[in-house]
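All chains, please: the whole structure from these sequences, using the hints.
Top to bottom, those sequences are chains A and B. Add 852 to a position in the first sequence, counting from 1, and you land on the number used in my numbering. Add 7 to a position in the second sequence, counting from 1, and you land on the number used in my numbering.
Keep in mind that a hint or two might mislead.
[What the hints assert, rightly or not] Calculated pairs, DSSO-like style, for lysine-lysine (alpha carbon to alpha carbon, straight line, at most 27 Å):
1. A:K1022 <-> B:K25
2. A:K924 <-> A:K1051
3. A:K993 <-> A:K937
4. A:K1051 <-> A:K1092
5. B:K104 <-> A:K1051
6. A:K1010 <-> B:K104
7. A:K1092 <-> A:K1022
8. A:K1092 <-> A:K1010
9. A:K937 <-> B:K32
10. A:K937 <-> B:K25
11. A:K1010 <-> A:K1022
12. A:K1051 <-> A:K1022
13. A:K1051 <-> A:K1010
14. A:K993 <-> A:K1010
15. A:K887 <-> B:K32
16. A:K1051 <-> A:K993
17. A:K993 <-> B:K104
[Stated by the list, open to error] To give an idea of the chain B side of the interface with chain A (calculated C-beta under 7 Å), a few residues:
18. A26
19. T58
20. L96
21. T103
These aren't lab readings, by the way, just hints derived from the structure by calculation. Predicted model only: the values in this text are computed from it and were never measured. C-beta: ideal position from N, C-alpha, C; glycine also.
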Amino acid sequence: MNRLHRAAVSAVFGCTLLCQAVYAGRSCAEPQPSKTETVVRALSLALQTVTVLDATGAQVVVLGRAGQDLTKYGLHYSHFGFAYKQTDVQGSQVWRILHKLNQCGSADSAIYRQGLGHFFLDDLWRFEAAWVVPTPDVQQKLLAVLLDEQRSVQMHVKPYSMVSYVWGLKYQQSNQWAIETMAMALEPDMTGADASRAKAQRWLLSRGYQPGVLTIGALTRLGARMTAANVAFDDHPNEKRFSDRIETVTADSVFAWMQRAGLTTQAIQTIN
Amino acid sequence: MVAAPAALSTVGAVLTIKAVELSAKGTIYVLERASDGARVSVEVIGKAASTVSVVTGTVVAVSILGAGTVLSVAGEVIAFIPSAVGQSLLYNERVTK
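Printed below as a string of structure tokens:
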């Protein structure tokens, strides 16, 4: 005799939960079906990453992914956020990542808290993870901010450009929010309501942060500006923009700077 | 945490859709394992974006991961049943407006 089981409703998810509603800089007007291979590889990468992060003993890591092919700009990782350990509603310790995402190719953005499964389900170019384990002191300061609902989003502004100027305030791309939040956590004068993006940027400059430099010609800039709401160049100084020099915060440059600035004593770790 | 039913826990299992029913929350698929006729009912919450047709007689592939069980048709996911550890990977909260 056949036996009928009923799987628990709460344990079964369809595409509405597996398909991402937002992407880091890409259009998502139509929900896309989830390809089996993509879901299997993304969830396997997430689980592998959790296992390795648990083994580090860290409470906070700076975690990156390769969401887009940026090799023509000499970049490997497109996006990063802060992965940290948090107690969930069941009282278990879980990894969550706080990061900033673009709203479906629009000129707006928002901060999201996600599990690592959702983080890696975001239509990756390569199924790779990279992370830096900050020093214990840096972890402690970052964790205090990440667990504070108000401070964790204090540096966030909605206007978004994928290539926002590193020392500008008009727009803010995802990696820029993250490094400015790191500055707020580490700069002693940024503990109160007077913390600002301008102060964060001054601190980053004083600590030797050097942005990624993308060479983007005039025709490419014009085409991107006309076809994508989430790309703008008008915040870049004219002398740099018209010499095709676009300076913006990249995951690769942040990983390298953290080592130079002594915010980590370990090499970049990867899973690929 | 509820584990995936035994009929969905066998690597390489071949399942066939025996019935498709709409529910208040989404869609219920009644699946039958080819090897022994065991049946399982899976309710998929929400509206799928899948482009494949899932009707009676459709063959469903089962992928077993550490994170859970993936049910798919023609290379597209129709459902994911997370394991206990897989459940912790899935969380999505918009923090700012």
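Taking the closest Cβ pair, is B:L96 under 7 Å from chain A?
-> With a minimum Cβ separation of about 3 Å from chain A (threshold 7 Å), the hint on B:L96 holds.
Is it true that the CA of A:K937 sits at most 27 Å from the CA of B:K32?
-> Roughly 32 Å between the alpha carbons, so the hint for A:K937 and B:K32 is violated.
Quickly compare the C-alpha distance for A:K1051 and A:K1022 to 27 Å and report which way the hint goes.
-> holds (15 Å)
Does the alpha-carbon distance linking A:K1092 and A:K1022 stay inside the 27 Å limit?
-> holds (16 Å)
B:A26 as an interface hint toward chain A, with CB separation required under 7 Å | With Cβ-Cβ at 11 Å, over 7 Å, it is violated.
A:K1092 paired with A:K1010 [C-alpha distance capped at 27 Å] | holds (24 Å)
Taking the closest Cβ pair, is B:T58 under 7 Å from chain A?
-> Hint on B:T58: holds, closest Cβ of chain A at ~5 Å, below 7 Å.
Is the straight-line distance between the alpha-carbon of A:K1010 and that of B:K104 27 Å or less?
-> holds (9 Å)
Given the hint that A:K993 pairs with B:K104, test it: the Cα-Cα distance must not exceed 27 Å.
-> holds (25 Å)
For the pair supplied as a hint, A:K1022 and B:K25, confirm whether the alpha-carbon distance does not exceed 27 Å.
-> The given pair, whose Cα atoms are some 57 Å apart, is violated under the 27 Å limit.
Is A:K993 within 27 Å of A:K1010, Cα to Cα?
-> holds (25 Å)
Holds or violated: A:K1051 to A:K993, with C-alpha atoms at most 27 Å apart = holds (17 Å)
The structure shown violates the earlier hints numbered 1, 2, 9, 10, 18.
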